[in-house]
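Listed below are the residues making up each chain.
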Amino acid sequence: MPLISLTTDFGDLYPAAMKAVILGINPRAQIVDITHGISQAGIREGAFALYSLVPYFPEKTVHVAVVDPGVGTSRRALAVKAGAAGNEQFFVGPDNGLLVPAARRLGNMEVYEITNRDLMLKSGISATFHGRDIFAPVGAHLSKGFPVEDVGPEVSDFVDLDFGTYGIDGPFLFGEVVFSDSFGNVITNIPEEVVLKFFNFGSKVEVNGRNVPFVQTYGLAGKGEPLILIGSHGFLEIAINGGNAALQFGLESGGQVVIKVL
Amino acid sequence: MPLISLTTDFGDLYPAAMKAVILGINPRAQIVDITHGISQAGIREGAFALYSLVPYFPEKTVHVAVVDPGVGTSRRALAVKAGAAGNEQFFVGPDNGLLVPAARRLGNMEVYEITNRDLMLKSGISATFHGRDIFAPVGAHLSKGFPVEDVGPEVSDFVDLDFGTYGIDGPFLFGEVVFSDSFGNVITNIPEEVVLKFFNFGSKVEVNGRNVPFVQTYGLAGKGEPLILIGSHGFLEIAINGGNAALQFGLESGGQVVIKVL
Amino acid sequence: MPLISLTTDFGDLYPAAMKAVILGINPRAQIVDITHGISQAGIREGAFALYSLVPYFPEKTVHVAVVDPGVGTSRRALAVKAGAAGNEQFFVGPDNGLLVPAARRLGNMEVYEITNRDLMLKSGISATFHGRDIFAPVGAHLSKGFPVEDVGPEVSDFVDLDFGTYGIDGPFLFGEVVFSDSFGNVITNIPEEVVLKFFNFGSKVEVNGRNVPFVQTYGLAGKGEPLILIGSHGFLEIAINGGNAALQFGLESGGQVVIKVL
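Protein chains in written order, with the numbering used here: chain A, 1 to 262; chain B, 1 to 262; chain C, 1 to 262.
Be a bit skeptical, because a hint or two may be false.
It does not matter which identical chain is meant; a pair holds if it fits inside one copy or across any two.
SDA-like cross-link-like pairs, simulated, lysine to any residue; straight-line CA separation at most 20 Å [said to hold, decoys possible]:
1) Lys144 <-> Pro2
2) Lys122 <-> Glu59
3) Lys60 <-> Gly164
4) Lys144 <-> Tyr166
5) Lys81 <-> Pro153
6) Lys223 <-> Asn189
7) Lys60 <-> Asp160
8) Lys260 <-> Pro213
9) Lys223 <-> Arg210
10) Lys260 <-> Asn108
11) Lys260 <-> Arg76
12) Lys197 <-> Pro213
13) Lys204 <-> Gly152
14) Lys122 <-> Gly234
15) Lys81 <-> Leu161
16) Lys81 <-> Glu59
17) Lys144 <-> Arg105
18) Lys81 <-> Asn211
None of these hints come from the bench; they were simulated from the model. Small disclaimer: the values here were computed from a predicted structure and weren't measured.
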């Protein structure tokens with residue numbers, strides 16, 4: 001059973017058009033929705049969602065990701081192969097950085113521009129919905145074993161993207177918000193190994209000026225109390241036990257986080 | 001792999017009961033959610049969702065659609081076959097117009113009243129949830145090749161439905177809102193070919209008294225600026241780049257849209 | 001096609017990690033989302049969702065349910081087999097009562113503690129996401145026919161849970177709210193057979209001091225009017241035709257409902 005994942009900012013209804021197109025080309029595809037709730041034009045946020053999930057998908061998975069404010073303009077369409085030989089996954093989406101962190105995480109990234117019209121929707125290409133007209137059909141063809149080398153020319157000047165800077169500056173650990181989940185948990189770009197160099201479980205720290213304990217799991221803070229932990233994504237996360245940290249800390253994607261051990 | 005789509009106003013939880021029933025009858029069915037977010041009793045809105053997606057589904061797809069304010073009353077249950085010979089799709093749902101625009105779009109519509117109790121849920125028919133008790137099992141049987149002619153008698157006096165009037169009246173192009181998507185993009189009933197007779201890309205127009213450019217894609221308007229375009233459904237659409245046009249224009253399903261070329 | 005259902009309070013994104021893990025272990029699994037919208041830590045609410053749907057799923061279904069405020073603490077992980085011989089279903093989730101009402105409904109409940117590390121995620125067990133790291137992979141293995149007896153030792157001292165008390169007290173029928181659906185329909189713990197002993201369709205009753213008719217289906221009350229009925233779950237339900245009863249009656253999970261026949 002070939003597996004295709006979808007990551008978009010399309011909300012409701014439009015993802016079904018992508019699925020119809022995919023299943024028309026590959027009726028045996030299994031489709032997994034990663035999310036359709038990325039903020040409109042939230043490229044970095046979508047890139048993080050894909051990046052955080054990609055290690056859990058099996059080899060040969062085709063990830064179709066469409067957060068695409070440039071749809072209908074001259075931005076290119078890309079297909080990417082990444083991963084160790086025999087253990088590759090594929091990525092299809094716009095050339096705006098969206099696919100890059102996830103593919104780079106797997107290693108051995110090969111990037112191709114999609115120019116082969118035979119792989120696109122037969123009934124025509126709209127100016128506004130390349131998810132349906134280009135990315136879904138190309139993903140479906142890849143899931144049937146179509147060679148990624150034949151989607152178009154290999155390119156090296158694709159748009160790059162990272163999750164921003166983080167680090168240690170004297171008594172401070174700093175970083176940025178990359179994602180707020182549907183509960184308002186705030187996920188930063190500071191990886192576990194950097195956090196654990198800086199402080200230990202049980203440490204009291206100040207997060208953006210507010211006292212917060214560093215714990216191993218949500219239930220170890222009181223109801224309604226803030227906490228920081230290493231989230232299931234492997235990054236430092238700010239949460240409120242039973243509450244919304246994004247609102248209470250006034251943090252959204254791109255927001256600065258500064259931590260000081262007390 | 002037989003394909004079944006679902007279109008309902010059921011929100012969360014209840015669609016899973018339909019899926020359980022379908023997969024109990026046809027474990028090989030692939031199920032695609034078109035949407036479960038239709039407004040309660042929004043028959044025309046649901047009809048539009050189905051209508052707009054049906055061209056993208058492969059032959060033999062069975063569309064189960066349930067926006068059903070008359071559930072438990074005397075309204076009939078229908079199964080419909082439509083499309084060119086060898087390329088048919090099937091529709092199952094209440095007799096309130098919901099299925100008609102999509103089926104008519106495919107042509108060769110044959111409409112049957114569902115009366116065959118053998119196709120319904122064995123454990124009983126509730127008064128409130130025919131989606132689970134009648135429409136899901138009938139759809140599952142059709143997806144296994146059960147002949148649509150055997151669900152019950154053919155009928156010709158089914159409830160009809162269209163998307164309302166539109167047209168050109170002197171210097172005005174007018175129509176109605178049929179759907180607001182989850183971003184607040186407002187989709188009208190005015191088809192592309194009528195729009196393109198009336199004005200061209202780059203035209204400045206007035207939409208309900210407000211100046212708006214007619215462009216080819218969202219990114220061609222400034223951030224926060226209104227625009228009109230031919231949406232991916234093939235209809236005139238009113239949008240705000242990065243905003244909610246339904247709110248800003250005060251338009252909901254059934255609302256009047258009047259456009260004047262400046 | 002082996003069938004796996006998911007019931008969680010995970011909202012968006014996290015369910016996809018569970019699906020990736022499941023399909024990596026059993027690529028042929030069909031996955032049905034029951035809901036990912038349970039209130040955070042709403043164990044009883046999640047238990048009701050699973051309980052209400054379980055009769056509609058076919059034999060051999062594996063239900064993975066994760067509403068798990070105790071994740072990362074010492075609470076045990078369970079796998080349960082239930083149902084008549086040859087017609088069993090399976091349940092995987094935390095030992096907090098979540099699985100019990102659904103499994104007990106099927107009868108012949110056998111409960112096992114999951115201790116077999118071979119069934120868990122190879123790349124490590126996080127402190128915060130046992131849905132992905134333990135419950136999803138165990139469910140996937142069960143869906144491939146792995147014997148439930150081999151997940152770990154059988155236990156009898158699992159955490160129990162019921163839907164609270166209800167009954168008749170003189171002129172009053174009383175019970176509790178167990179679930180509010182996405183429309184604000186309020187589902188009580190009072191079963192159909194108890195309701196029908198107390199009053200009949202067409203009865204006028206007082207619900208928490210407010211006059212409400214008892215009808216067979218939503219459309220039999222006026223637009224915007226309250227009603228009570230036997231919902232599709234087989235329990236007394238309070239609704240507003242086209243409105244939100246949970247808000248209008250000020251009722252949430254655990255709220256008391258008192259009914260008096262007028």
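Each hint, compared with the structure:
1. Lys144 <-> Pro2: This pair counts as both: shortest intra-copy Cα distance 7 Å, inter-copy 18 Å.
2. Lys122 <-> Glu59: between (29 Å within a copy, 15 Å between copies)
3. Lys60 <-> Gly164: neither (29 Å within a copy, 47 Å between copies)
4. Lys144 <-> Tyr166: neither (40 Å within a copy, 43 Å between copies)
5. Lys81 <-> Pro153: Within one copy only: 13 Å inside a chain, 44 Å across chains, cut-off 20 Å.
6. Lys223 <-> Asn189: neither (26 Å within a copy, 27 Å between copies)
7. Lys60 <-> Asp160: neither (23 Å within a copy, 42 Å between copies)
8. Lys260 <-> Pro213: within (11 Å within a copy, 51 Å between copies)
9. Lys223 <-> Arg210: Within one copy only: 17 Å inside, 35 Å across.
10. Lys260 <-> Asn108: Classified as neither; 37 Å inside a copy, 55 Å across copies.
11. Lys260 <-> Arg76: For Lys260 and Arg76, the Cα distance exceeds 20 Å both inside one copy (43 Å) and across copies (35 Å).
12. Lys197 <-> Pro213: within (16 Å within a copy, 55 Å between copies)
13. Lys204 <-> Gly152: Classified as neither: same-chain Cα gap 53 Å, cross-chain 38 Å, threshold 20 Å.
14. Lys122 <-> Gly234: between (42 Å within a copy, 16 Å between copies)
15. Lys81 <-> Leu161: Close inside one copy (17 Å), not across copies (48 Å); limit 20 Å.
16. Lys81 <-> Glu59: Classified as within: same-chain Cα gap 11 Å, cross-chain 32 Å, threshold 20 Å.
17. Lys144 <-> Arg105: Result: close neither inside a copy nor across copies, 24 Å intra and 30 Å inter.
18. Lys81 <-> Asn211: neither (44 Å within a copy, 46 Å between copies)
Figure legend: structure checked against the earlier numbered hints; hints not met, in rising order: 3, 4, 6, 7, 10, 11, 13, 17 and 18.
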